[in-house]
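Visitor: Top to bottom, those sequences are chains H and C.
Taking the numbering used here as reference, the numbering of the first sequence is continuous, increasing by one, and the terminal residue is 169.
Taking the numbering used here as reference, the numbering of the second sequence is continuous, increasing by one, and the terminal residue is 606.
The hints are simulated quantities; they were obtained by calculation from the structure and are not laboratory data.
Beta carbons are placed, not taken as given, at the ideal position from N, Cα and C, and that holds for glycine.
Be aware that a few hints might be false.
Said to hold, decoys possible - Derived Cβ-Cβ restraints for the label pairs, each shown as a range:
| # | chain 1 | residue 1 | chain 2 | residue 2 | range |
| --- | --- | --- | --- | --- | --- |
| 1 | C | PHE158 | H | SER20 | 22 to 32 Å |
| 2 | H | ASP133 | C | ASP330 | 50 to 60 Å |
| 3 | H | PRO98 | C | PHE158 | 51 to 61 Å |
To be verified - Here are the simulated lysine-lysine pairs, DSBU-like style, with alpha carbons at most 35 Å apart:
| # | chain 1 | residue 1 | chain 2 | residue 2 |
| --- | --- | --- | --- | --- |
| 4 | H | LYS75 | C | LYS178 |
| 5 | H | LYS15 | C | LYS335 |
| 6 | H | LYS69 | C | LYS335 |
| 7 | H | LYS75 | C | LYS359 |
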Amino acid sequence: MKPHTLSVLVENKAGVLSRVTGLFSRRGFNIESLAVGTCEEPGLSRITIVCIGDDAQIEQVIKQLNKLIEVIKVSDITENDRVERELALVKVNAEPGSGRAEVMQVAQIFRANVVDVGAKTVILQVIGDTDKIDALEKLLRQYGVIELVRTGKIGILRGSKTVKSGK
Amino acid sequence: MKNGARILIESLKREGVSTIFGYPGGSVLPIYDELYDSDLQHILVRHEQAAAHAADGYARASGRIGVCLATSGPGACNLVTGIATAYMDSVPVVAITGQVPTGMLGNDAFQESDITGITLPVTKHNYLVKRTEDLARVIREAFFIAGTGRPGPVLVDLPKDVNTREIDFKPPLDEEMQIRGYRPTFKGHPKQIARAVELLLEAERPVIYAGGGVISSGASPELIALAERLSIPVTTTLMGLGCFPGDHPLNLGMLGMHGTEYANFAVTESDCLLAVGARFDDRVTGKVDTFAPHASIIHIDIDPAEIGKNKPVDVPIVGDVRSILADMLAMLKKDASHEVWVERVRTWKKKHPLRFRDDGSLRPQMVVKALSDALSPDGVIVSEVGQNQMWAAQYYVFKKPRTWISSGGLGTMGYGFPAAIGAKYACPDSQVFDIAGDGSIQMNIQELGTAAQYKIPVRIAILNNQYLGMVRQWQELFYDRRYAYTELPPVDFVRVAEAYGVDGIRVEEKEEIAPSIRAAMEAEGPFVLDFRVTREENVFPMVPAGAAINEMIGGHKQ
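Could you put the whole structure together from the sequences, leaning on the hints where they help?
Guide: Here it is as structure tokens:
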């Protein structure tokens, strides 16, 4: 049982997301992370899904996804050389003074950007893989994380390989 | 200029539809107004569930696509059980539902229900059409998707204003259908097919396990030829009954929970199992680890998701069953006789036949046997669900595909009678019998009204034991005879039929079975046979839930 990253190319039509997510819940598969957006081809969207399961379960997920009429292509990119990123926005306590300076320092180490500064808080934007964001969150907890928003993971294959419509 | 309703009717006719089953209501008024002048035959059912089952029965009996029509809200919701039934058994049905006008969608308007949302898990695909311009294309796609690949139901939801709006309409050209995300595999992989042939030739104890896919792909002739050329015994699933002749020397009947002992023995002993258009359902496999434990498994199925879903497979072949079996036959350079194995199977058949006690009383199995003797090979048997279904499956000798129609996957009580009505429209020249229980028949007994109105000559053989018999059987065997809510007070079905203007007779003696069936077959309209059978009869043999299929109760001593 390990996390798999599925890249799913779908037709951008009303209800397609509920068809995809409905299939996961109906067949008892958990979604760890989900990210949806338009892609290089007009009319299509790409969904990146991270789910946990053994090989047989993941194979079944992929086959069932492929049966959906509006799904054009499903690829498990887990085994391939790939780039994966997540974005998080963290609103953290940063009273003027030493606390704020420390938060800024942590941000710098993680190459997080400060995107908003308030009287008592700052908002950091961080991009990276899941572990990096988890690590940053853990560190910031001591200052007080007020709100945390994460996008869900997106992934792309390295080199010239693609997840495009073959079907 | 044409309105959406007119475009719908023309599109249906272009798909070759001649009969639809439906029930009118507010949001489908424009469609019904078009139907009024149309030469499409519309059968008015008494409950929308029956429309879906009738379309399903029509599809199973004919191999064409069944069509049902219901209004928005409750009408659409009432179709759901019928759609789910068709989905579980891979039956091509197009369900058309009315919907509130597009401007009111999502407002909780009168008789609004999110039927595309509701049917998402039980349709192959569904559509909510928001523009009249899309209607003709959607209907074409719906029929294409329902009838190709692994067949299944498709629902098309039509808001009222889509049906009333007039557009400048030209029918779409009959160019080849292209749906980007839908390209079912048809031809099997030649290398895999060659491997399968090789395995079957090398095998000493091969068995063919054939399912409903053989029937939906029309592969019976190829299956028979393959079994005969390689001398392989054939067992069928509940859905597969009829795809191999029941009186063929190589036939083993049904396998699984209520299968024959010899079919279950043969599968358990087999060293090579050819699964064709079947899906290793739990009612077939019993405890899945001990199913065909010594066999290499070849699995032919059009749906790649079925391969390896429940049971690991040695040789998977994805594609159309008929095409793949034809390819296998073409590759066979020699025949095989498997003499020792066939003889062993024959001995099991002789020593472990299906049996029931005959003490002179009227037993349900006798009714099924008498029907089997009375009907020609073209006769169509539809069943309800429960003991009646299992006795029909066990004791009726099906000789041709599409003569056995039953809700296998979903197990829908109340399916049989409306499905029989649909089957009768598909096969007007065949005798059509619904084998029912007194429980199941009461789930859609209102369709006596439909049968009476159109004088549909379907016959209902009710095995009336005043119990929900299958549940009672489980209570007897596994719940210490605590018959919680399974006893039904006796119903005089002859008088119920009479109230609808339908003829019927009550049968209480075994000697009256054959004459009563003859009387039913000669009736011009619908006919009800109320068989008062022994009350606590059990369906045997039986594999208890979770046991291996060779561990049957109620069988012969080994």
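Visitor: Would you mind marking each hint as holding or not holding in the structure?
Guide: Status of the hints after comparison with the structure:
1. Between PHE158(C) and SER20(H) the C-beta distance comes to about 25 Å, which sits within the given range of 22 to 32 Å.
2. Take ASP133(H) and ASP330(C): their Cβ atoms lie about 41 Å apart, and the range 50 to 60 Å is violated.
3. Taken as a hint, the range 51 to 61 Å holds for the pair PRO98(H) and PHE158(C), whose Cβ atoms sit roughly 60 Å apart.
4. Distance hint between LYS75(H) and LYS178(C) is fulfilled; the C-alpha atoms sit about 26 Å from each other, no more than 35 Å.
5. Note on LYS15(H) and LYS335(C): the hinted pairing is violated, with a Cα-Cα distance of about 42 Å set against a maximum of 35 Å.
6. Under the criterion of a C-alpha separation no larger than 35 Å, the hint pairing LYS69(H) with LYS335(C) is consistent with the structure, at around 28 Å.
7. This hinted pair checks out: LYS75(H) and LYS359(C) have alpha carbons roughly 26 Å apart, not beyond 35 Å.
The earlier numbered hints that this structure contradicts are 2 and 5.
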